[in-house]
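In our numbering, the protein residues as written are 1 to 81.
Don't read these hints as lab results, they were simulated from the structure. Among the clues, some could well be false.
[What the hints assert, rightly or not] Across the chosen pairs, the derived CB separations fall in these ranges:
| no. | residue 1 | residue 2 | range |
| --- | --- | --- | --- |
| 1 | PRO31 | SER2 | 38 to 44 Å |
| 2 | GLY29 | THR76 | 17 to 23 Å |
| 3 | THR42 | TYR81 | 34 to 40 Å |
| 4 | SER24 | SER2 | 31 to 37 Å |
| 5 | PRO55 | ALA17 | 27 to 33 Å |
| 6 | SER24 | HIS53 | 18 to 24 Å |
| 7 | ASP32 | ALA63 | 16 to 22 Å |
| 8 | ALA75 | GLU3 | 29 to 35 Å |
| 9 | GLN66 | GLU41 | 16 to 22 Å |
| 10 | ALA17 | THR42 | 20 to 26 Å |
| 11 | PRO31 | GLN4 | 32 to 38 Å |
| 12 | THR28 | ALA63 | 27 to 33 Å |
| 13 | LEU16 | HIS53 | 21 to 27 Å |
[Claimed, not checked] Derived BS3-like pairs: lysine-lysine, alpha-carbon spacing no greater than 27 Å straight-line:
| no. | residue 1 | residue 2 |
| --- | --- | --- |
| 14 | LYS49 | LYS12 |
| 15 | LYS64 | LYS49 |
| 16 | LYS64 | LYS12 |
Quick reminder that beta carbons are idealized off the backbone N, C-alpha and C, glycines included.
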Amino acid sequence: MSEQRERLLASKPAALAAKEAFTSQYATGRPDRSVGLGLDETGEHWAVKVFAHSPSAAENLPAKFQNFDVEVSVATAAVSY
1 MSEQRERLLA
11 SKPAALAAKE
21 AFTSQYATGR
31 PDRSVGLGLD
41 ETGEHWAVKV
51 FAHSPSAAEN
61 LPAKFQNFDV
71 EVSVATAAVS
81 Y
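Could you put the whole structure together from the sequences, leaning on the hints where they help?
Right under this line is the structure:
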């Protein structure tokens, strides 16, 4: 477990840079897309996480970006009560 954590910590700067580049290319000026960074479905590698407000906002996004998986979720807008 410690080895995996060390590997993730070592690769985090590259993952953050990929997230920023992805945001610049695919989400800037798009209020219907939000981009974050998290672990992939296996929990072993970084992934660019995209939250789209509708299926149409999720269209035309790559499955991979700079060697990182891109995981897209369609979610409705958050509402405060």
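Cross-check of the supplied hints:
1. PRO31 x SER2: 38 to 44 Å: At 41 Å between Cβs, range holds.
2. GLY29 x THR76: 17 to 23 Å: Roughly 21 Å apart at Cβ, these two residues keep to the hinted range, so it holds.
3. THR42 x TYR81: 34 to 40 Å: Holds, since THR42 and TYR81 (Cβ atoms, about 35 Å apart) stay within the stated range.
4. SER24 x SER2: 31 to 37 Å: holds, 34 Å
5. PRO55 x ALA17: 27 to 33 Å: With a Cβ separation near 29 Å, PRO55 and ALA17 satisfy 27 to 33 Å, so the hint holds.
6. SER24 x HIS53: 18 to 24 Å: holds, 19 Å
7. ASP32 x ALA63: 16 to 22 Å: holds, 19 Å
8. ALA75 x GLU3: 29 to 35 Å: Given range 29 to 35 Å: holds, Cβ gap about 34 Å.
9. GLN66 x GLU41: 16 to 22 Å: holds, 19 Å
10. ALA17 x THR42: 20 to 26 Å: holds, 22 Å
11. PRO31 x GLN4: 32 to 38 Å: holds, 36 Å
12. THR28 x ALA63: 27 to 33 Å: The hinted range 27 to 33 Å is violated for THR28 and ALA63, with Cβ atoms some 20 Å apart.
13. LEU16 x HIS53: 21 to 27 Å: With Cβ atoms ~24 Å apart, the hint holds.
14. LYS49 x LYS12: Holds, at about 14 Å.
15. LYS64 x LYS49: holds, 11 Å
16. LYS64 x LYS12: Answer holds: LYS64 to LYS12 is near 17 Å, not above 27 Å.
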